[in-house]
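Here the protein sequences come in this chain order: A and B. Its first residue numbered 1, the first sequence is counted upward by one per residue in UniProt numbering. Its first residue numbered 1, the second sequence is counted upward by one per residue in UniProt numbering.
Treat the hints as calculated values from the structure; they're not laboratory data. Built from N, CA and C at the ideal position, the CB exists for glycine as well. Check before you lean on any hint, since a few could be wrong.
Some residues of chain A that are not near chain B, with every Cβ distance over 12 Å (derived) [said to hold, decoys possible]:
(1) ASP5
(2) LEU69
(3) ASP78
(4) LEU112
(5) ASP120
(6) ALA187
(7) GLU195
(8) LYS209
(9) GLY298
(10) PHE346
Listed next, the stretches of chain A that the computed footprint assigns to chain B, with coverage defined by at least 3 CB atoms under 8 Å from CB atoms of chain B [said to hold, decoys possible]:
(11) 231-239
(12) 250-260
Cut-off 27 Å, straight-line C-alpha distance, at most; resulting in silico cross-link-like pairs (BS3-like, lysine-lysine) [to be verified]:
(13) LYS307(B) / LYS255(A)
(14) LYS480(B) / LYS192(B)
(15) LYS255(A) / LYS335(B)
(16) LYS335(A) / LYS480(B)
(17) LYS372(A) / LYS255(B)
(18) LYS227(A) / LYS335(B)
(19) LYS227(A) / LYS255(B)
(20) LYS255(B) / LYS375(A)
(21) LYS255(A) / LYS375(B)
(22) LYS307(B) / LYS227(A)
(23) LYS255(B) / LYS341(A)
(24) LYS375(B) / LYS335(A)
(25) LYS335(A) / LYS255(B)
(26) LYS375(A) / LYS375(B)
(27) LYS335(B) / LYS432(A)
(28) LYS308(A) / LYS375(B)
(29) LYS192(B) / LYS335(A)
(30) LYS375(B) / LYS307(A)
(31) LYS335(B) / LYS358(A)
(32) LYS335(A) / LYS335(B)
(33) LYS255(B) / LYS255(A)
(34) LYS335(B) / LYS44(A)
(35) LYS53(A) / LYS97(A)
(36) LYS341(A) / LYS335(B)
(37) LYS357(A) / LYS335(B)
(38) LYS192(B) / LYS357(A)
(39) LYS227(B) / LYS307(A)
(40) LYS255(A) / LYS227(B)
Number of protein chains: 2
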Amino acid sequence: MSSIDTTLSPLFAKIDELKPQFIQRLTDAVAIPSVSSDETLRPKVFAMADFLKEELAKLGADDITIKDLGIQPPPVSDPELPLPPIVLSKFGSDPNKKTVLIYGHYDVQPALLEDGWASDPFTLVEKDGKLIGRGSTDDKGPVMGWLNSLQAHKELGLELPVNIVFCFEGMEESGSIGLDTLIAQEAKKYFKEVESVCISDNYWLGTKKPVLTYGLRGCNYYQISIKGPGADLHSGIFGGVIHEPMTDLVNVMSKLVDINGNILIPGVNEMVAPVTEKEASLYKDIEFDVDELNLAAGSNTAIYQSKKDILMHRWRFPSLSLHGIEGAFSGAGAKTVIPAKVVGKFSIRTVPDMDSKKLDELVINFCNEKFKELKSPNQFTTELIHDGAYWVSDPFNNEFTAAKLATEKVWGVEPDLTREGGSIPITLTFEKELGANVLLLPMGKGDDGAHSINEKLNTPNYIEGTKTLSAYLHYFGATK
Amino acid sequence: MSSIDTTLSPLFAKIDELKPQFIQRLTDAVAIPSVSSDETLRPKVFAMADFLKEELAKLGADDITIKDLGIQPPPVSDPELPLPPIVLSKFGSDPNKKTVLIYGHYDVQPALLEDGWASDPFTLVEKDGKLIGRGSTDDKGPVMGWLNSLQAHKELGLELPVNIVFCFEGMEESGSIGLDTLIAQEAKKYFKEVESVCISDNYWLGTKKPVLTYGLRGCNYYQISIKGPGADLHSGIFGGVIHEPMTDLVNVMSKLVDINGNILIPGVNEMVAPVTEKEASLYKDIEFDVDELNLAAGSNTAIYQSKKDILMHRWRFPSLSLHGIEGAFSGAGAKTVIPAKVVGKFSIRTVPDMDSKKLDELVINFCNEKFKELKSPNQFTTELIHDGAYWVSDPFNNEFTAAKLATEKVWGVEPDLTREGGSIPITLTFEKELGANVLLLPMGKGDDGAHSINEKLNTPNYIEGTKTLSAYLHYFGATK
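Chain A extracted, bound-state conformation:
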């Protein structure tokens, strides 16, 4: 038995013993409706920050620093709306230990019983081995997991194997306002010693096998604005006699992507890094199939049937989605309007080695060209309204190796190495600002329904997840 095994054995036993307290901790956290997107609930987001502060104090933090981020910038209803603070804290400052920054967020998505929840979303219910409640898996479960780990160490009198720096934010579900700036400001101050970052804010690919995540797609979001008349017009009076912006827009939007998801903008696919043999081999053992995709999508509308094609197109090839149109009629029923100004929204998921600026140029030029071909007198612009870069890590570095050992120890199975089709922009910020490796170590399963009704975290994922996070710290701390 290695020395780590000797350590982990009583630690895991303690975690099992404390299970009722850990569930109570998550129950207390879920009970605070810290919905960051609902201005009326902003006091609850602050209450959640206070809750964390108290928990951290009880666990014996060396330092707790509450970073006030000031007033939330527009658009807001309340011009004096305060941003939830970022809760920082430190456990340990041994210069001989590694320092790991642990990020999590304490705000949640909105939830109303009327949305279709089987029970009150802010009352954690344990049913059929699932802890059901808003925030259970996103991201209060994982955040409590870290606190649970500290409690277990404390009760055992077990020294932490690394120095820990916590960074908990309260605006993740609302654009992480202020976080990037804070990270940059504190990079050489509060975060000075940080050499590694661990984030538990994503999910297993499926429901059976734990995963470690080493890549994320980026996202460039564009809008095409077409303006014709000075105001919305009646289609009875103006239909057939003026150039309608919707006709132009639908025409241009129809030329961006084909029915099989192929991006039709020349030059885009050419920027994508070729698939190497080593990369291709990573897909072989991953547990996934088309049925899982269809189940998750709730339809049999998959473009690809093979596991490898699906995952590659989700993770390492770009995609283009048409999201909708602002300014057009969007209600139920019939409205005979000619919308005066319509704004088509679409985004492209980006992957290595796409150059974001080059992509913008290709997209904007293509749209301009397609519009020009229409010879419409309406006013046309295409613009980038948001971008976030892709991220890919080396899945064989120290962090991933330690996380692999921890996962095997707890779950008895080698984790799948996954990427995600979506983006977690903060990953890149940490990597860039702190010069640290980032590990994504998810706790919940692929069917947790993070932003949906009846969000849940399986009880074993919560408890074994707490063990996995704990073991990770020990394996990583032991890394030479």
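We have chain A; now place chain B onto it with these hints.
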């Protein structure tokens, strides 16, 4: 001097004399916010019905019948919401006189000061010769015009030249629920003697010359529904791996109409009646030009430059407008959603001799065919959700001839004979159910802004309009 001239001279003088009272009457009517689409204002719609009832009683109606229409069918918030009544009344029952049904509506469009009104929308303000307020021109001004005419007759002790049957409804701005049924029910009862219908609920083509309106386009409204996944999905996770309904929809919608307003569905244009020489000649003297269109549209985006082309494409050729998409992202900013179900809305304005059923068949088959070409696994349907037929009258019949004389008498100019691009479905119902000729005799100008902010009725249009309505009754009553 003809006997009609002898009659009209003192009548017009009386109308001029009563101008302050007439403006007060409109002020009182506008002060009641009878917004039929706002359930919370339903009591005000009833208050407006009471107002009319009292006015009609004061004017000595022979009969006032308030037709209760029961409870408003869903969708409504209040399942017990009563429909506003239809206010019927009769003045005169001389079997030697013609009987004219006069239709108007006493409900109005919503209006809030915050929408951008220069003054409170429900306080009639006279400024620069304009009576500004919600409902001033649509349709309280014309309705008060008829009451004004009766008051002038009464004060002069002047016998009405025709029997009058009033039919005032309170749901015109909300789909005229219950009116069709009532007209059918009363066709052989309350409306038995009616041989002619006059509606003053549209507008001059422009701002300088009065018009009589002899045609309306119909409207067939369609929706294309495309359903893919079971719920809205995240474009990061599903982008590139499933068939997205929006891609299908935009593709199909882009094939319906070209940038110059040409309908691309084979067989549709072939149903349109050819332009006859006589019809073409009617356009010659109409006062209108492309600048007027561009001014009204608030842009220089006219498809046609000649008066005749513009008016023909507004009045006697079909048009297809894309109104919007239900179910897609329609807000401001960026949302990375793959909408699960999207519903594209479009309508076709119909004209003689288009067959409505045949049109539905052409449209639905064409959409099905275009979707089939895509080979998408998503679920697709196209359906008609609303239709209203076109209407064309003989602009040289007794009604139009009398209205032409009345207009010339009051305005000193021959009215333009116009059609409208939009529809007034009730026109057809009256024609069909009562077997009566319908005359559209507008009071307000083309720039009144009926459904917009700062709706107005020019004071001369109100007063000379009251004279025109009065004169019409006399000329029509004198018709052999």
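Tell me, which hint numbers fail for this structure? 9, 10, 13, 16, 24, 26, 29 and 38
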